[in-house]
Amino acid sequence: MITKLSHAGVLVLDQDSAKQFYTEKLGFKARNDVRVGADYAGAGQGFRWLTVSPPGQPDLEFILAAPEMGHDEETARQLRELLAKGVFGGGVWGTDDCRKTYEELSGRGVTFLQEPAERPYGVEAVFRDDSGNWFSLTEHH
Amino acid sequence: MGRPPDTTRLASLRGARDLIDRDFATAIDVTALAAHAGYSRYHFIRAFRAVYGATPGDYLSRRRVERACELLRMANLTVTEVCFLVGFSSLGSFSSRFSELNGCSPSEYQRRAAGYGGPPPVPGCMVLMWSAPLTTVRNRGEAPDEAAPVASAQMERTEGGRT
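The listed protein sequences derive, respectively, from chains A and B. Residues 1 to 141 (the numbering used here) make up the first sequence, in order. Residues 142 to 304 (the numbering used here) make up the second sequence, in order.
There may be inaccurate statements among the hints.
Label-pair restraints from in silico Cβ distances [said to hold, decoys possible]:
#, chain 1, residue 1, chain 2, residue 2, range
1, B, 244, A, 100, 40 to 48 Å
2, A, 56, B, 248, 25 to 33 Å
3, A, 35, B, 219, 29 to 37 Å
4, A, 118, B, 253, 58 to 66 Å
5, A, 71, B, 249, 42 to 50 Å
Since the hints were derived computationally from the structure, they do not count as laboratory data. All residues carry an ideal CB built from backbone N, CA and C; glycine is no exception.
Extracted from the complex, chain A is given alone in its bound form (with noise of 0.2 Å):
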């Protein structure tokens, strides 16, 4: 069986404009930065391995990747240009207080889409990251 998910990401258009904004506007912690050189023969060559954990869930990993990785030149240049116009969604962050975490969260520069709204199941939030990708933050009741 399948017991939790450990590893979850987002491509990024810049990883180290990223891991500054995941580290200090959204306040997670920077897990691993792993460049694989430019000389290793096996596959992953050149990539960097960049992870960071929200405060309170340590033992997810969420991967910021780059659309290079894995990909030829023209889907990495599609994926950019999908990124930039703000098509993907990366998921649900939870919150014991949506309303003050957005508060927070706007006075770092962090860009909402959709202030606090009452929901049957909480209150959400909507806000996108710094390449374009597009979150829910959600206190559930």
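Keeping the supplied structure of chain A fixed, place chain B upon it in accordance with the hints.
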């Protein structure tokens, strides 16, 4: 094909779209939106349409109607209340745009929704992001938007509202 993606330009258009999504209920001024995104009004409208398949004004009124649908499904409000809550300034323009997009009047929609017994069983963020206001845009044909001055009736009345 080797052209690098202009992600800065796309991100500024995305920022404009996010502003419409967030502030749809307020008076949104396309010229100000264009300036914010670093465009002249004319080029902004064309670029936005090229990327998202609808002019900003069209996108805005679709978003308003989409949000109206949610309120009509979920909230105990009258059609008139919903109309003003989502940013329309007259019941007539609301009803006609609503009917154009949904194939029925707002009150008919509300009556039918009541029969389904409550809100859709999916999270609101999914409704917001996936019931994108663009799904029927392509039906409007290939021709460049001769109505470049946007869905003008809609935009004109909202002009000068925001900074």
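Hints, one by one, checked against the model:
Checking the proposed 40 to 48 Å range against residue 244/B and residue 100/A shows it holds: the Cβ atoms sit about 42 Å from each other. Separation of residue 56/A from residue 248/B is about 45 Å and departs from the stated range, judged on CB atoms against 25 to 33 Å. Against the hinted window of 29 to 37 Å, the Cβ-Cβ separation of residue 35/A and residue 219/B comes to about 60 Å, which falls outside the hint. Under the hint 58 to 66 Å, the C-beta atoms of residue 118/A and residue 253/B, about 24 Å apart, miss the expected range.
Between residue 71/A and residue 249/B the CB atoms are about 47 Å apart, so this pair conforms to the stated range of 42 to 50 Å.
Checked against the numbered hints above, the structure violates hints 2, 3 and 4; every other hint is satisfied.
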